[in-house]
Amino acid sequence: MDILLLALLVVVFLGLPVLQMRKQSKQVGVIKDFQSKLAPGMVVQLTSGLHGRLTGIGETTVDIEIAEGVVTTWERAAVLKLVDSVEVGSTEADHLTGRDEIPDDLSSLGDNDFDRDNNEDTDGTDGADRK
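Residues in the sequence shown are numbered from 1 upward in steps of one, following the working numbering.
Just so you know, the hints here were simulated from the structure itself, not pulled from any lab data. Please read all numbers here as calculations on a predicted model, not as lab measurements. Cβ coordinates follow ideal geometry from the N, Cα and C atoms, glycine included. Be a bit skeptical, because a hint or two may be false.
[Unchecked claim] As a list, the in silico DSS-like pairs of lysine-lysine whose alpha-carbon atoms are at most 25 Å apart:
1. Lys81 <-> Lys26
2. Lys37 <-> Lys81
3. Lys37 <-> Lys26
4. Lys23 <-> Lys81
5. Lys23 <-> Lys37
6. Lys81 <-> Lys32
[Stated by the list, open to error] Distance ranges between label pairs, derived from CB positions:
7. Gly15 <-> Arg76: 51 to 59 Å
8. Val30 <-> Ala7: 31 to 39 Å
9. Arg22 <-> Leu82: 21 to 29 Å
10. Leu4 <-> Pro40: 56 to 64 Å
11. Gln20 <-> Ala77: 20 to 28 Å
12. Leu4 <-> Asp63: 57 to 65 Å
13. Leu4 <-> Leu50: 46 to 54 Å
14. Ala7 <-> Val71: 53 to 61 Å
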């Protein structure tokens, strides 16, 4: 009975950590493989949670554009994963995903009674009665 209990304790205290280390080692391998395949133009997430577009790849560092015209340099090891999409409503969502187009009409704003060119309502008033 004592031998069975001892064997169970050995499995719990030695076996489980070994299994956990193997799992973690595989995850690190996947991340390192991804980091070796980085290319300019990819939208990535860093280990800090920052999202940005890769603009330059060095041997140990990467340049990441975090806003239009703002490029920062990071360690290559800080790149965690590829970002497929950026959450809708974030300030840089359109820039990072390549949807920088701004509509040339006001139809997307909901109230389409305002004429931009004449700065007056289309119903003939000057818009002063609007709240």
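Whether the CB-CB distance between Gln20 and Ala77 falls inside 20 to 28 Å: holds, 22 Å
Has the hinted range 51 to 59 Å been met by the Cβ atoms of Gly15 and Arg76? violated, 35 Å
Given the hint of 46 to 54 Å, check if Leu4 and Leu50 actually sit that far apart at their C-beta atoms. Given a distance of about 52 Å, which is inside 46 to 54 Å, the answer is holds.
Cβ distance range 57 to 65 Å for Leu4 and Asp63, holds or violated: Given about 59 Å between the Cβ atoms, the range holds.
Need the status of pair Lys81, Lys26: alpha-carbon distance at most 25 Å? holds, 15 Å
Below or equal to 25 Å on CA atoms is what counts here, so check Lys37 against Lys81. Given pair Lys37, Lys81 holds - Cα atoms ~11 Å apart, limit 25 Å.
Taking the beta carbons of Leu4 and Pro40, is their distance inside 56 to 64 Å? Between Leu4 and Pro40, where Cβ atoms are some 60 Å apart, the hint holds.
Agreement of Lys81 and Lys32 with the hint, judged by alpha carbon distance not exceeding 25 Å: Roughly 10 Å separates the two Cα atoms, so the pair holds.
Is the distance from the Cβ of Val30 to the Cβ of Ala7 consistent with 31 to 39 Å? At roughly 34 Å between Cβ atoms, Ala7 and Val30 fall inside 31 to 39 Å, so the hint holds.
Just to be careful, I want the Cα atoms of Lys37 and Lys26 compared with a cutoff of 25 Å; is the pair within it? Measuring from Cα to Cα gives roughly 17 Å; hence the hint holds.
Holds or violated: the 53 to 61 Å window for the beta-carbon distance between Ala7 and Val71? The hint (53 to 61 Å, Cβ to Cβ) holds, given that Ala7 and Val71 are roughly 58 Å apart.
Between Lys23 and Lys81, is the straight-line Cα distance small enough, at 25 Å or below? holds, 18 Å
Hint compliance for this structure: hint 7 alone is broken.
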